[in-house]
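Enquirer: What follows is the residue order along each chain.
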Amino acid sequence: MNYSQLLSEIGQLNASLHQKDFLLTWDKTENELRLVLLAAEALKCLHGQNISAQCFETGLAVSQFRDNSTRTRFSFASASNLLGLAVQDLDEGKSQIAHGETVRETSNMISFLTEIIGIRDDMFLGAGHTYMLEVAAALDDGFKNGVLPQRPGIVNLQCDVDHPTQSMADLCWLKEHFGSLEALRGKKIAMTWAYSPSYGKPLSVPQGIIGLMTRFGMNVALAHPEGYDLIPDVVQVAKKNAAASGGQFTEGTSMDEAFKDADIVYPKSWASYQVMGRRTELLRKNDKDGLKALEKECLGQNAHFKDWECTEAKMKLTQGGKALYMHCLPADITGVSCKEGEVQDSVFERYRIETYKEAGYKPFVIAAMMLTNRMQNPLAVLENLMKRKQPRIFS
Amino acid sequence: MNYSQLLSEIGQLNASLHQKDFLLTWDKTENELRLVLLAAEALKCLHGQNISAQCFETGLAVSQFRDNSTRTRFSFASASNLLGLAVQDLDEGKSQIAHGETVRETSNMISFLTEIIGIRDDMFLGAGHTYMLEVAAALDDGFKNGVLPQRPGIVNLQCDVDHPTQSMADLCWLKEHFGSLEALRGKKIAMTWAYSPSYGKPLSVPQGIIGLMTRFGMNVALAHPEGYDLIPDVVQVAKKNAAASGGQFTEGTSMDEAFKDADIVYPKSWASYQVMGRRTELLRKNDKDGLKALEKECLGQNAHFKDWECTEAKMKLTQGGKALYMHCLPADITGVSCKEGEVQDSVFERYRIETYKEAGYKPFVIAAMMLTNRMQNPLAVLENLMKRKQPRIFS
Amino acid sequence: MNYSQLLSEIGQLNASLHQKDFLLTWDKTENELRLVLLAAEALKCLHGQNISAQCFETGLAVSQFRDNSTRTRFSFASASNLLGLAVQDLDEGKSQIAHGETVRETSNMISFLTEIIGIRDDMFLGAGHTYMLEVAAALDDGFKNGVLPQRPGIVNLQCDVDHPTQSMADLCWLKEHFGSLEALRGKKIAMTWAYSPSYGKPLSVPQGIIGLMTRFGMNVALAHPEGYDLIPDVVQVAKKNAAASGGQFTEGTSMDEAFKDADIVYPKSWASYQVMGRRTELLRKNDKDGLKALEKECLGQNAHFKDWECTEAKMKLTQGGKALYMHCLPADITGVSCKEGEVQDSVFERYRIETYKEAGYKPFVIAAMMLTNRMQNPLAVLENLMKRKQPRIFS
Chain P
1 MNYSQLLSEI GQLNASLHQK DFLLTWDKTE NELRLVLLAA EALKCLHGQN
51 ISAQCFETGL AVSQFRDNST RTRFSFASAS NLLGLAVQDL DEGKSQIAHG
101 ETVRETSNMI SFLTEIIGIR DDMFLGAGHT YMLEVAAALD DGFKNGVLPQ
151 RPGIVNLQCD VDHPTQSMAD LCWLKEHFGS LEALRGKKIA MTWAYSPSYG
201 KPLSVPQGII GLMTRFGMNV ALAHPEGYDL IPDVVQVAKK NAAASGGQFT
251 EGTSMDEAFK DADIVYPKSW ASYQVMGRRT ELLRKNDKDG LKALEKECLG
301 QNAHFKDWEC TEAKMKLTQG GKALYMHCLP ADITGVSCKE GEVQDSVFER
351 YRIETYKEAG YKPFVIAAMM LTNRMQNPLA VLENLMKRKQ PRIFS
Chain B
1 MNYSQLLSEI GQLNASLHQK DFLLTWDKTE NELRLVLLAA EALKCLHGQN
51 ISAQCFETGL AVSQFRDNST RTRFSFASAS NLLGLAVQDL DEGKSQIAHG
101 ETVRETSNMI SFLTEIIGIR DDMFLGAGHT YMLEVAAALD DGFKNGVLPQ
151 RPGIVNLQCD VDHPTQSMAD LCWLKEHFGS LEALRGKKIA MTWAYSPSYG
201 KPLSVPQGII GLMTRFGMNV ALAHPEGYDL IPDVVQVAKK NAAASGGQFT
251 EGTSMDEAFK DADIVYPKSW ASYQVMGRRT ELLRKNDKDG LKALEKECLG
301 QNAHFKDWEC TEAKMKLTQG GKALYMHCLP ADITGVSCKE GEVQDSVFER
351 YRIETYKEAG YKPFVIAAMM LTNRMQNPLA VLENLMKRKQ PRIFS
Chain V
1 MNYSQLLSEI GQLNASLHQK DFLLTWDKTE NELRLVLLAA EALKCLHGQN
51 ISAQCFETGL AVSQFRDNST RTRFSFASAS NLLGLAVQDL DEGKSQIAHG
101 ETVRETSNMI SFLTEIIGIR DDMFLGAGHT YMLEVAAALD DGFKNGVLPQ
151 RPGIVNLQCD VDHPTQSMAD LCWLKEHFGS LEALRGKKIA MTWAYSPSYG
201 KPLSVPQGII GLMTRFGMNV ALAHPEGYDL IPDVVQVAKK NAAASGGQFT
251 EGTSMDEAFK DADIVYPKSW ASYQVMGRRT ELLRKNDKDG LKALEKECLG
301 QNAHFKDWEC TEAKMKLTQG GKALYMHCLP ADITGVSCKE GEVQDSVFER
351 YRIETYKEAG YKPFVIAAMM LTNRMQNPLA VLENLMKRKQ PRIFS
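Chains as they are written, first to last, in our numbering: chain P, 1 to 395; chain B, 1 to 395; chain V, 1 to 395.
To be clear, the hints were calculated from the coordinates, so they are not data collected in a lab.
Worth double-checking, as some hints may not be accurate.
The list treats identical chains as interchangeable, and a pair is accepted whether it falls inside one copy or across any two copies.
[To be verified] Taking lysine to aspartate or glutamate and the EDC-like style, the derived pairs with C-alpha atoms no more than 16 Å apart in a straight line are:
no. : residue 1 : residue 2
1   : 357       : 141
2   : 357       : 140
3   : 306       : 256
4   : 144       : 354
5   : 339       : 354
6   : 20        : 134
7   : 201       : 67
8   : 240       : 141
9   : 292       : 251
10  : 239       : 229
11  : 20        : 140
Quick caveat, the model's predicted, so the values are computed rather than measured.
Chain P on its own, in the form it takes in the complex (with noise of 0.2 Å):
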């Protein structure tokens, strides 16, 4: 599509983001989640005409990272950047934000010329969205009451039940994949996990893929041994999604099922639900040996499943053996990255360049997340922006 088209459909959509915080898909209609799409087209269009789609000529974008990120974060950076914001980090050290009077007193303090502040916090179930919460209630609390002079607005940057930037990245992959966003529906995408020799990995990127791709009549079905569940309720939400935009949901025990005549396959580690619950308790009283304890044990549930291995083989059962692999990053790669892992080298290195690509996405998103949130009219900023043609790189 090209630039007109993009802002001509965004106009049709007569949706708004202004002023919302984007921290579940799931809370978004359907046409909110279609204008970050677009948005995120379209300001990729700009840059790729080196136009130039500085819109702030002051102000920070605040990123809190409350576990390690080196993608999300070269994202987030990228996106602030592109749109004229300027990065400031706030680096927890010692957690001096322990509970909900000071979590209501920085949100403040760090925002008074602050635009967006975007979190990660998926370290403890329970936790994260709802510490996200609490920022947006301090937010508003301050602004309301003329702290503020403006209220800044939040991006999840993964929590502990969605990774929005992720999934919403995935889905403007797979639209520019398959050709549009009407082209996915009926198309079957496995979910599954898979191998990998380390535990504790998030359930964010599942939920956010089965939660996301379950609005657009695609064929969801999610696959992992017995045990690893995900957060019942972010279930719940896929399956009710499914049945309201015409698409399936099925949840298995079988990776061949799932992959069977799959259009995509979306193979990837995770920790169970119960699992990432006991770790999280741990964690919060510091209980090395207990931590320990239940990384052996959680190891050794692992290695049973060492055949959730996306192979050659599993690939041939795939629609017409052909499925589009996917994979938010890094992946644990058999013979490359590890031992025995999520995927087989000569699968991974077939999509290595569409993986990829599929992140390439990820800065437009959050920039169409962060541009969406702070402007009344994002499609009429599109439109100037456009008109004024200021050459990114000045020559």
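Put chains B and V on the given structure of chain P with help from the hints.
Expert: Positioned in the frame of chain P, the structure of chains B and V alone reads:
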């Protein structure tokens, strides 16, 4: 006051801070202080009207935090960004900067394209202010000898002696709250020690408050338990200021006495001058056992003064029972952030939003210090920014 | 030279560095090196005249420091900011980047909106330059396959082989000091080892100096105690360069011999090639005892050569007793930063300001490397920046 009134007042001051480091408020004339207050208000006004205050196309603002900071770090970053400067943090790691020679060198090495250097150095009594003077001399030397194309300005982000960005933000807030600087004349402010379950808090906030508020004809009542003295030189400064400005300065050992009929109360914990001196020596020797013993001794001493809490009963002693409560934040709030602390929860909660507004002036005060340091004619710059009317947010 | 002379000289070079990584000076033609020198001078000239050199509205400059750095970090940040790029640091934490596969991936993941990647990797002999080539290949692959909308340029901020931003800044300084590159022809520069109470200093500075200064007809005298060899391949490069440029290159084991009649002296400590090889192995094995033993052995060995100090007596041997003293800083100054070091305090003090000026070219050299890498026609950009005459500081 509206923007043109602010500018008109600036015009009448006939004051300049061009190329003058902002290290101590008592090094500045009254009109120089007024210049900063008015410039801060003008910048806040521009921001509130979505008018860009960016006056640097490029340039660095270097920050050096020799002690933890979130609040001031964000204020410094916000101020830099507001004017168009990019923040670059100097993280010394393990004290590469150890003696005079290397301070001289490093100060130049970080300054080739630097406009402002903000320094927090409040851990060692007798060291922080001295360090800033050393950096200043190194920059003078580099500029004079043609090493540096410009002589960066220094902003004290808290030293062992003063905390001017805090006290000036406090004064901005008092000006807003009481309507004018003139309205502060004769008002009683109680700067009192308060109990805290921690030890080693810097003296710079109370010192900054008594050093600044005595400039404007206020009645400043300093109170603390015996043994919790401030640096004697600064107390002398406060006495002289009060005499010169037609205000009052008293020092006592009763919180009740200080609170009596006060219009403003500022109860805040600090270590004593003597303790900070002993602590400095132990820190220098890296004597961990000594530090632990001193902490224990001090916490024991503190514990005798748990009644130095800003309770509802104490607030009743103040002018109409309604003194304005102030704090530099974060406060130790009884039952909220600690078991027993500086302030009763209901008192803090009643004034919480006010303390946040107080803090909200800090980014603009720092930006005003930067602007007045860098610009030969900050009034013209402020006029021209308004004429330029570049929207901060493009739409 | 004034700005138009600089631009006129650039025009006569007929050289381009567009899309060419800057890893080693000896990979570049003489005119390509001249292009960087002239562009650096032109950018310095713009800055001195308060004319903005910002030519990127948005875009990231990624830095990756695999070794400590303050000086180069600030130079890189200054250069990026001068051109309008925002710095984003890649902090690897605990070596997530372990093998080729992941370098390939990470290089792409950080590059979606990135213009320049600056890398310091000088700890491991045989690794740093290799790593940069690996990143380069990954970027080529990503760009060729449509993953990256642009192919970021790489600037070597010090590797195991060369330190081109240092040596080129040094050359800028020599050009200023002696009036022209032509004036350097026949001048003798003594690049000598010097005693230091530390060990393990990289070889890249002396290698960079002998590799670059031999390009311009200088008489380069390398001297070091026996056993303190540089990488043999680089010594070969220096020999070939000297032969080609009509200069001279000698290698000896006497500091006095090297200093004799020298116009320039560059006394600086380094570890020997063999020691760095052993150290690399031990670092790779994380063999702490082995490293400690090696350090002890090496310091013992160093101690035999305490007379390799740049004293007043040694300076007397040089051309008129007045050779220009150079250092990449920080120097180990006897009686100032250490008991016994590379240089006598009075010698250093006499040349201190000169060494600072030498360092002052680094931000502009890095900016010139960025500019010439990104711009198809850097001459036109420099012309147009002067025509645009956008003040860097608004007034």
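Enquirer: So, for every hint listed, does it hold in this structure?
Expert: Results of checking the hints against the structure:
no.: 1; hint: 357 with 141; verdict: between (40 Å within a copy, 12 Å between copies)
no.: 2; hint: 357 with 140; verdict: between (37 Å within a copy, 15 Å between copies)
no.: 3; hint: 306 with 256; verdict: within (14 Å within a copy, 68 Å between copies)
no.: 4; hint: 144 with 354; verdict: between (45 Å within a copy, 13 Å between copies)
no.: 5; hint: 339 with 354; verdict: neither (23 Å within a copy, 56 Å between copies)
no.: 6; hint: 20 with 134; verdict: within (15 Å within a copy, 43 Å between copies)
no.: 7; hint: 201 with 67; verdict: within (12 Å within a copy, 30 Å between copies)
no.: 8; hint: 240 with 141; verdict: neither (33 Å within a copy, 42 Å between copies)
no.: 9; hint: 292 with 251; verdict: neither (31 Å within a copy, 57 Å between copies)
no.: 10; hint: 239 with 229; verdict: within (15 Å within a copy, 67 Å between copies)
no.: 11; hint: 20 with 140; verdict: within (11 Å within a copy, 40 Å between copies)
Consistency note: the structure conflicts with the earlier hints numbered 5, 8 and 9.
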